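Using the sequences and the accompanying hints, generate a full structural model.
For the record, the sequence lines run as chains A and B. Going by this note's numbering, 148 is the number at position 148 of the first sequence; the sequence numbering is gapless. Going by this note's numbering, 340 is the number at position 340 of the second sequence; the sequence numbering is gapless.
These aren't lab readings, by the way, just hints derived from the structure by calculation. Computed from a predicted structure; not experimentally measured. There could be a bad hint or two in this list.
As the list claims (entries may be wrong) - Derived DSS-like pairs (lysine-lysine); straight-line CA-CA distance at most 27 Å:
1) B:K6 to A:K136
2) A:K197 to A:K6
3) A:K133 to B:K6
4) B:K6 to A:K130
5) A:K155 to B:K328
6) A:K101 to B:K330
What the hints assert, rightly or not - Here are the in silico distance ranges between beta carbons for each label pair:
7) B:I314 to A:P129: 44 to 50 Å
8) B:T147 to A:D179: 57 to 63 Å
9) B:K332 to A:K161: 18 to 24 Å
10) B:K332 to A:K8: 52 to 58 Å
11) B:K6 to A:E143: 17 to 23 Å
12) A:T157 to B:L154: 46 to 52 Å
13) B:K210 to A:M73: 22 to 28 Å
14) A:K161 to B:G144: 49 to 55 Å
15) B:K332 to A:L211: 39 to 45 Å
For each residue, glycine too, the CB sits at the ideal point set by N, CA and C.
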Amino acid sequence: MAYERKFKIGEPILEVNNISLSFGGVKAITDTSFNVLEHEVRAIIGPNGAGKSSMLNCINGIYKPQQGTVSFMGKEIPNITPNIMAQMGLSRTFQNLALFKRMSVLDNILVGRKLHTKTNFLEVALQLPKVRKEEKINRDRSEEIISFLEIEDIKDTPVGKLPYGLQKKVELGRALATDSSIILLDEPMAGMNVEEKRDMCRFILKVNDELGTTMVLIEHDMGVVMDISDRVVVLDYGKVIGDGTPDEIMANQKVIDAYLGVAH
Amino acid sequence: MTYTKKDLTNLGVCMVLSLIIIPTFIKTEYWYTSILIPWLCLALATIGQQVVMGYTGQLALGAAGFMAAGAFAMFNLILRVPDLGFVGSLIVSGLIAAAFGILFGLPSLKVRGIYLMVATLASQFFIIWMIDKFGWFKNYDSSGIITAQDIVILGKPFTTPLAMYFVCLAVTTVLTLLAMNMARGSTGRNWMAVRDMDIAAESMGVSLLKTKVQAFAISAFYCGVAGALFAFCYLKSLEPVAFDIKLSFKILFMCILGGLGTINGAFIGAAFILLFPVLLNAVGNNVFHGAIDATIISSIEQVIFGLLMIVFMIYEPLGMAKLWENIKLKLKLKLTSSNRKT
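Next comes the structure, spelled out in structure tokens:
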């Protein structure tokens, strides 16, 4: 790479060790391990049903794997819940959009500021000066993110009324508002046209570059993946079949077979 | 969050209306004792229902149970702890109702939707049963109906309808403002996040347990205070029967017709459901000169309520508050476009 990164890729920030997850008799993930280094853009790819989203759900605590552990910032997290991970500085977006549909864009992003809101409901009810101060800080930060994502003109629109591509942007905005050190993106570019995809790539890289936020993304568009990610892990039938830089992955015979099919 | 100019004008209009215009022009006691006082009390209870159902999205049905808890707590506090005073007792009765709210809100962590509705029905029946079963709550009164004590604030009695109206107005105004602050602030955002997409809310660090329990507690607090006012200012007596499931349903209808997830909808919905029967009666008496039997009128009332519920659910799920917004918007558009033509 030609340019100098402000945040050098560092030690592993997130480690997934021997995770196995099954739903009844169906094995979604089998004995999978990989890691994510600080400040890198890490892609998870694989055919449909390979267990990519399940993997993110395990990391984030929505699913509880039957075996294996997740370590975050060098510490093994025993009872993972989405809430604990959020507090430790891990944020995410969802594959099928999980926005607060009846709330405005600004309010959605403001919910992302939850962990930076320390005042309780009584103080909010009474509108104490410190509540106003905190609210102003949170609003300013949210406005910053809104202008960064270039969605100022829709900030008061209820999210449910927006087209899909914009909703994806809002979801990224909400994840950014948490100021997390790592963000998991579940298919951030699904259903977008080329132009929207290019925008999204730009935002992801810019956040990674300027804030040093570690990005883990699931994506289907190979061009995009090879372009923006530092390292790629390939899942197929719940197992890791390849792990390395984009160039290594492209040359990996197993990966080629999984994607293109093997001649029988 | 700061108040916009529009908020301040709205507040001003409401204050002038309720403090100056209503007391100067309405002289008949009937309006205070039968319409304005119950309206304020029920609107307050409806705000409670809004918090848990409209904002947090938890289908709860048991507002009247919490009202009963508030009313009987008030009676016992004034009876047994007279030092607390009226306002102190009112707050403590709200807190007692809130404790019940937390208890009966716990099922919301495991069940949702229609199942939660059934689970919260338990509060309705349990609280009423408890008051009926243990004589202590009624001070061992055998008649079944206890007369509420007179309202005395700072040594001054508030016994005339107008004075009671002012008591209800003051309490309702303060609690409405607090509710608005919460609904628009970070507290309200947490509620709505849980309502719209709980898993995402949790991933943003919103604790489902804390938010749901908090909403139930605040909701029950509002219902408790409303119940105490309802008993002391409107009924002037305490009987568990007054807080039956019918009242819970009434509050639910006020909430839905007024507009889920709005505070002003609570007032609109309560006004509509209270005034509609009065209006129908007036039409029956004045237009048809009593030719229609009163029982038929009350049946017609039920039919129209049912129809309206269905119509609103289909065409305007956000209720009368939204309808009102739309009318305002259309008028504005019409005015601006006609200005442009001239």
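Comparing the hints with the structure gives:
1. Taking the CA atoms of K6 of chain B and K136 of chain A, the gap is near 20 Å; set against the 27 Å cutoff, the hint holds.
2. With a C-alpha separation of about 24 Å, the suggested pair K197 of chain A and K6 of chain A falls inside the 27 Å cut-off, and the hint holds.
3. Of the supplied pair hints, the one linking K133 of chain A and K6 of chain B holds, its CA atoms being roughly 22 Å apart against a limit of 27 Å.
4. Distance hint between K6 of chain B and K130 of chain A is fulfilled; the C-alpha atoms sit about 24 Å from each other, no more than 27 Å.
5. In summary, the hint linking K155 of chain A to K328 of chain B is supported, as the alpha carbons are separated by about 22 Å, within the 27 Å threshold.
6. Of the pairs offered as hints, the one joining K101 of chain A and K330 of chain B holds, with about 25 Å between alpha carbons and a cut-off of 27 Å not exceeded.
7. At roughly 46 Å, the beta carbons of I314 of chain B and P129 of chain A sit within the given window of 44 to 50 Å.
8. The hint said 57 to 63 Å for the Cβ distance between T147 of chain B and D179 of chain A, and at roughly 59 Å that hint holds.
9. For K332 of chain B and K161 of chain A, the hinted distance range of 18 to 24 Å is satisfied, since their beta carbons lie about 20 Å from each other.
10. With their beta carbons about 56 Å apart, K332 of chain B and K8 of chain A fall inside the hinted range of 52 to 58 Å.
11. Look at K6 of chain B against E143 of chain A: about 21 Å separates their beta carbons, and that is inside 17 to 23 Å.
12. Distance hint check: the CB atoms of T157 of chain A and L154 of chain B are about 50 Å apart, consistent with the given range 46 to 52 Å.
13. The supplied range of 22 to 28 Å is met by K210 of chain B and M73 of chain A, whose beta-carbon atoms lie about 25 Å from each other.
14. Taken as a hint, the range 49 to 55 Å holds for the pair K161 of chain A and G144 of chain B, whose Cβ atoms sit roughly 54 Å apart.
15. One distance hint, 39 to 45 Å for the beta-carbon pair K332 of chain B and L211 of chain A, holds here, with the actual separation near 42 Å.
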